[in-house]
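A.B. asks: One-letter residues, chain by chain:
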Amino acid sequence: MSTYVNASVQKEHDLSQYKGVCVLGEQKDGQLLPVTFELIARGRSLANDLGCQLSCILLGDEIQEIEQVFHRGADRILFIKSPALQNFLPRSYQNAIVKLIQEEKPEIIIAAATTTGRTVMPLVAAKLNAGLTADCTSLTIDPDTKLLLQTRPAIGGNIMATIKTPQHRPQMATVRPRSSKPLPLDCSRTGELVVKDYEPATFLTPERFLEFIKDTTQTVSIEDAEIIVSGGKGMKNAEGFKMVEQLAELLGAGVGATRDAVEFGWTTYPHQIGLSGKTVAPKLYIALGLSGKIAHLAGMQTSEVIIAVNKDPEAQIFKVADFAIVGDVFEVVPMMIEAIKQHKANAKPELCALSS
Amino acid sequence: MHIVVFVKQVPGTDNVKMDPETGVMIRSGKDVVINPLDENALTEAIKIKNSRSDVRVTAISMGPPAAERALKEAIAMGADAGILVSGREFAGSDTIATGKALAAAVKKAGDVDLIICGERATDGETGQTAVMVANYLDIPGQTYVSSLEVKDTSVVIKRTVERGFELVEIPFPVLVSVNKDINEIGMPTLKGKLKAKTVPVSAYDASGLGISSTEVGLNGSPTRVVKVFSPKLSRDTILKRADGTNQPVEELMSFLISKECI
Ligand SMILES: Cc1cc2nc3c(=O)[nH]c(=O)nc-3n(C[C@H](O)[C@H](O)[C@H](O)COP(=O)(O)OP(=O)(O)OC[C@H]3O[C@@H](n4cnc5c(N)ncnc54)[C@H](O)[C@@H]3O)c2cc1C
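Those sequence lines, one after another, are chains A and B.
Residues 1 to 356 (our numbering) are what the first sequence spells out, left to right.
Residues 1 to 262 (our numbering) are what the second sequence spells out, left to right.
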């Protein structure tokens, strides 16, 4: 592939000018969002492997406790500051980030696969004619070529694809929120804060932000749940799926589902876990009657403890499970519900014994 | 008012293979459907058309010659014209190369006020292509749109974002990608089906679009698939078989307690 003649492709000798790793942090109403720290953790290990600096790009007006970015592992903050950037408008953000990239020439940029990252990164990539890989589950540096290896599940089936961007810079990728853990807080860490004070013309766009309306309808946030009980097609029907909800309620857990369960209408899309749903990483994930196709695993395999019940001993979910029961959910889950009820009941007399 | 909608043919099942040498998807041609979210996009365009007197809808698809069928379906649902982007030089296009080709096709369609796309395709699942087209056309692009109100010279959109919704107003021309909350997918009509038989679909290859074949296909794609592999999954799994007794569940409970999960 050395015969590039595309006029807009950067010439090969230019590539060496690109140095350093950047992550695109996010804020809302001047508060840093947790995904920023997750991205910094990812970026830190890439920067360490390359022996280069890690910068965190932030856009906004006033950002509170900005030094947390250093405490979590970044060397530099590149803060593009303007009242025009308070709310996300794709074009303003695109223009600002493109300008910053042209000045700073980072080798790698990682953003979150949030509605913001997934919107602005393609715009930036197109403007710079750089490559962009969506929803990576793993990002590493190739020891030989020093290129970024971007791995993502492909076609929802059972395969992973590793992608690289040999001839274009920066190398860009998005990763799902919650797919990595922030580094421990180190309050002694500091860094260099660079405020980019660009001309207002940079942010000009015909788009007009009117209003943000907070969603108050979504009460269950599986992203924050400590325990998730998830069901798939093996729950047979809406009635069967209720068992998933029942077990979840008993455990104070969130309810998760596979795409099939959502498509059958047994539960709603906000509960879908996986490639085209949410990424979760609870302490305990209980997978009931679901096969564990990679598109589902992509959303839950970093859970700390995974329990699975499936009647097929070959089910892929068992490969990521810590404790697996080969059996019929309609036989096993009622027993689980009973056992947990008893466990709870047994826990109480102990308290009573203490007080009596 | 001229609305363009992109329709992509995608595999109707999960059973798609990748060529391990090139990392390019092998499309069997059988069992293909219109990407479901593109049907939402198309439905929205038809809805706008039905609510005003001056609307024309063009559907554009990039794919093998057989993708003409998707365009005929779009016409049967109510689109007025179809443009097919097709040619060997497009094979292996990543999102950048696809974005360039689709942008060139939009220019062929003439002056456009509104482009509506599905938020993502069920095969590639990147959701990147639409906004890239916006960039190449140098018009604003918005995503995750769950409702859309067309005014005289602008559109007011509602975006579904992490903690709620954003309302944004954008003057024409503008590109939006929509999610499935926007509407219930429409159906082909008898009138539409008859029309689909007579309306010819225009087809363009790269030179027909006035773009160099080095800008599309693998040549025009910055990203390279270097490896496809089965994921390595492994944990030290404790495996029990249900045997009609309480035993496996009791062991599970002890395990959960030992891990401080409950
Ligand atoms: C691009 C793309 C994106 C996708 N995104 C997602 C996503 O975000 N999330 C997602 O989940 N999927 C996603 N999918 C779909 C995914 O590939 C699988 O089709 C889906 O995860 C399978 O769901 P399932 O496990 O419920 O069903 P199946 O694969 O049909 O599995 C059902 C399982 O239940 C077991 N079973 C049946 N009856 C019983 C019983 N009585 N007791 C015990 N076990 C029983 C069976 O042995 C089987 O293993 C995506 C696919 C594509 C192509």
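Treat the hints as calculated values from the structure; they're not laboratory data.
Here the structure is a predicted model, which is why all the values come from computation and not from measurement.
For each residue, glycine too, the CB sits at the ideal point set by N, CA and C.
Be aware that one or more of the hints could be misleading.
Unchecked claim - Chain B side only, calculated, beta carbon under 8 Å to chain A, not exhaustive:
| id | residue |
| --- | --- |
| 1 | Ile26 |
| 2 | Arg88 |
| 3 | Gly92 |
| 4 | Thr95 |
| 5 | Val131 |
| 6 | Tyr136 |
| 7 | Gly141 |
| 8 | Gln142 |
| 9 | Arg163 |
| 10 | Val226 |
| 11 | Met253 |
To be verified - Simulated pairs of lysine-lysine, PhoX-like, Cα-Cα distance not exceeding 25 Å:
| id | chain 1 | residue 1 | chain 2 | residue 2 |
| --- | --- | --- | --- | --- |
| 12 | A | Lys344 | B | Lys259 |
| 13 | A | Lys28 | B | Lys158 |
| 14 | B | Lys107 | A | Lys127 |
To be verified - Now the stretches of chain B that chain A is said to cover, found in silico as 3 or more residues with beta-carbon under 8 Å:
| id | segment |
| --- | --- |
| 15 | 37-48 |
| 16 | 52-59 |
| 17 | 227-234 |
| 18 | 238-250 |
A.B. asks: Compare the structure with each hint and give your call.
C.D. replies: Taking the hints in turn, this is what the structure says about them:
no.: 1; hint: Ile26; verdict: violated (10 Å)
no.: 2; hint: Arg88; verdict: violated (17 Å)
no.: 3; hint: Gly92; verdict: violated (11 Å)
no.: 4; hint: Thr95; verdict: holds (7 Å)
no.: 5; hint: Val131; verdict: holds (4 Å)
no.: 6; hint: Tyr136; verdict: holds (6 Å)
no.: 7; hint: Gly141; verdict: holds (6 Å)
no.: 8; hint: Gln142; verdict: holds (6 Å)
no.: 9; hint: Arg163; verdict: holds (6 Å)
no.: 10; hint: Val226; verdict: holds (5 Å)
no.: 11; hint: Met253; verdict: holds (5 Å)
no.: 12; hint: Lys344(A) with Lys259(B); verdict: holds (17 Å)
no.: 13; hint: Lys28(A) with Lys158(B); verdict: holds (18 Å)
no.: 14; hint: Lys107(B) with Lys127(A); verdict: holds (18 Å)
no.: 15; hint: 37-48; verdict: violated (count 0)
no.: 16; hint: 52-59; verdict: violated (count 0)
no.: 17; hint: 227-234; verdict: holds (count 7)
no.: 18; hint: 238-250; verdict: holds (count 10)
Hint compliance for this structure: hints 1, 2, 3, 15 and 16 are not met, and every other hint is.
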